[in-house]
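S.K.: Sequences and hints are given; from them, build the entire structure.
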Amino acid sequence: MVDIQLTKDADALICLLYKQYCAKLKDGVPKSQAKMFGSSEDIHQTIAPKWSFENVDETCRELHRAGLIECRYGDDIVWFVQLSDLGVIYMENRFKEGLKSVLEYLNKIRNVLPI
Numbered sequence: 015m016v017d018i019q020l021t022k023d024a025d026a027l028i029c030l031l032y033k034q035y036c037a038k039l040k041d042g043v044p045k046s047q048a049k050m051f052g053s054s055e056d057i058h059q060t061i062a063p064k065w066s067f068e069n070v071d072e073t074c075r076e077l078h079r080a081g082l083i084e085c086r087y088g089d090d091i092v093w094f095v096q097l098s099d100l101g102v103i104y105m106e107n108r109f110k111e112g113l114k115s116v117l118e119y120l121n122k123i124r125n126v127l128p129i
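In case it helps, the working numbering puts the sequence shown at residues 15 to 129.
Simulated from the structure, these hints should not be mistaken for lab results.
Honestly, I wouldn't trust all of these hints.
[Stated by the list, open to error] List of simulated lysine-lysine pairs, DSSO-like, C-alpha gap at most 30 angstroms:
{"#": "1", "residue 1": "Lys110", "residue 2": "Lys22"}
{"#": "2", "residue 1": "Lys22", "residue 2": "Lys122"}
{"#": "3", "residue 1": "Lys45", "residue 2": "Lys33"}
{"#": "4", "residue 1": "Lys114", "residue 2": "Lys38"}
{"#": "5", "residue 1": "Lys114", "residue 2": "Lys22"}
{"#": "6", "residue 1": "Lys114", "residue 2": "Lys64"}
{"#": "7", "residue 1": "Lys38", "residue 2": "Lys122"}
{"#": "8", "residue 1": "Lys22", "residue 2": "Lys33"}
{"#": "9", "residue 1": "Lys33", "residue 2": "Lys110"}
{"#": "10", "residue 1": "Lys22", "residue 2": "Lys38"}
[As the list claims (entries may be wrong)] Beta-carbon label-pair distances, calculated as ranges:
{"#": "11", "residue 1": "Lys110", "residue 2": "Asp17", "range": "16 to 22 angstroms"}
{"#": "12", "residue 1": "Asp90", "residue 2": "Asp41", "range": "16 to 22 angstroms"}
{"#": "13", "residue 1": "Glu76", "residue 2": "Asp99", "range": "14 to 20 angstroms"}
{"#": "14", "residue 1": "Asn121", "residue 2": "Tyr87", "range": "28 to 34 angstroms"}
{"#": "15", "residue 1": "Gly81", "residue 2": "Lys122", "range": "23 to 29 angstroms"}
{"#": "16", "residue 1": "Asp89", "residue 2": "Lys122", "range": "32 to 38 angstroms"}
{"#": "17", "residue 1": "Lys122", "residue 2": "Ile91", "range": "29 to 35 angstroms"}
{"#": "18", "residue 1": "Ser115", "residue 2": "Asp17", "range": "18 to 24 angstroms"}
We put the CB at the ideal spot given by N, CA and C, even for glycine.
M.R.: This is the structure in structure tokens:
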């Protein structure tokens, strides 16, 4: 597997996105739809409201460069975000217990990052 190195912000955001993905699956949403998150503005409003919009948008770009999410761009922002297959595999291997272990990790980093 590829060695993926992320900033703390990117690590936190991929965990937040994966948490949403797992919750959607648990609620019966099909995988193809559970991977979709809308725009960086949508992510800012619903998943990372404590971050500035600019930081959410740039962190989405970082995750895209790392191959963990797929992005479409429009009007100079990330217009569409989808968790990539590599992103799912990376997170599944990282958090073997799924949603429970992601939540535990997010709780630990809550003191360091505004999540």
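S.K.: Could you run down the list of hints and mark each one as holding or not?
M.R.: Status of the hints after comparison with the structure:
1. Lys110 with Lys22: 20 angstroms, holds
2. Lys22 with Lys122: 13 angstroms, holds
3. Lys45 with Lys33: Satisfied, since the Cα-Cα distance of roughly 13 angstroms is no more than 30 angstroms.
4. Lys114 with Lys38: This hinted pair holds, its Cα atoms lying about 14 angstroms apart.
5. Lys114 with Lys22: 20 angstroms, holds
6. Lys114 with Lys64: With Cα atoms ~23 angstroms apart, lysine 114 and lysine 64 stay inside 30 angstroms; holds.
7. Lys38 with Lys122: 23 angstroms, holds
8. Lys22 with Lys33: 16 angstroms, holds
9. Lys33 with Lys110: 13 angstroms, holds
10. Lys22 with Lys38: OK: lysine 22 and lysine 38 at ~24 angstroms, within 30 angstroms.
11. Lys110 with Asp17: 16 to 22 angstroms: With a Cβ separation near 19 angstroms, lysine 110 and aspartate 17 satisfy 16 to 22 angstroms, so the hint holds.
12. Asp90 with Asp41: 16 to 22 angstroms: At roughly 33 angstroms between Cβ atoms, aspartate 41 and aspartate 90 fall outside 16 to 22 angstroms, so the hint is violated.
13. Glu76 with Asp99: 14 to 20 angstroms: 18 angstroms, holds
14. Asn121 with Tyr87: 28 to 34 angstroms: 33 angstroms, holds
15. Gly81 with Lys122: 23 to 29 angstroms: At 25 angstroms between Cβs, range holds.
16. Asp89 with Lys122: 32 to 38 angstroms: Holds, since aspartate 89 and lysine 122 (Cβ atoms, about 36 angstroms apart) stay within the stated range.
17. Lys122 with Ile91: 29 to 35 angstroms: About 30 angstroms separates the Cβ atoms of lysine 122 and isoleucine 91, which means 29 to 35 angstroms holds.
18. Ser115 with Asp17: 18 to 24 angstroms: 21 angstroms, holds
Hint compliance for this structure: hint 12 is the single one not met.
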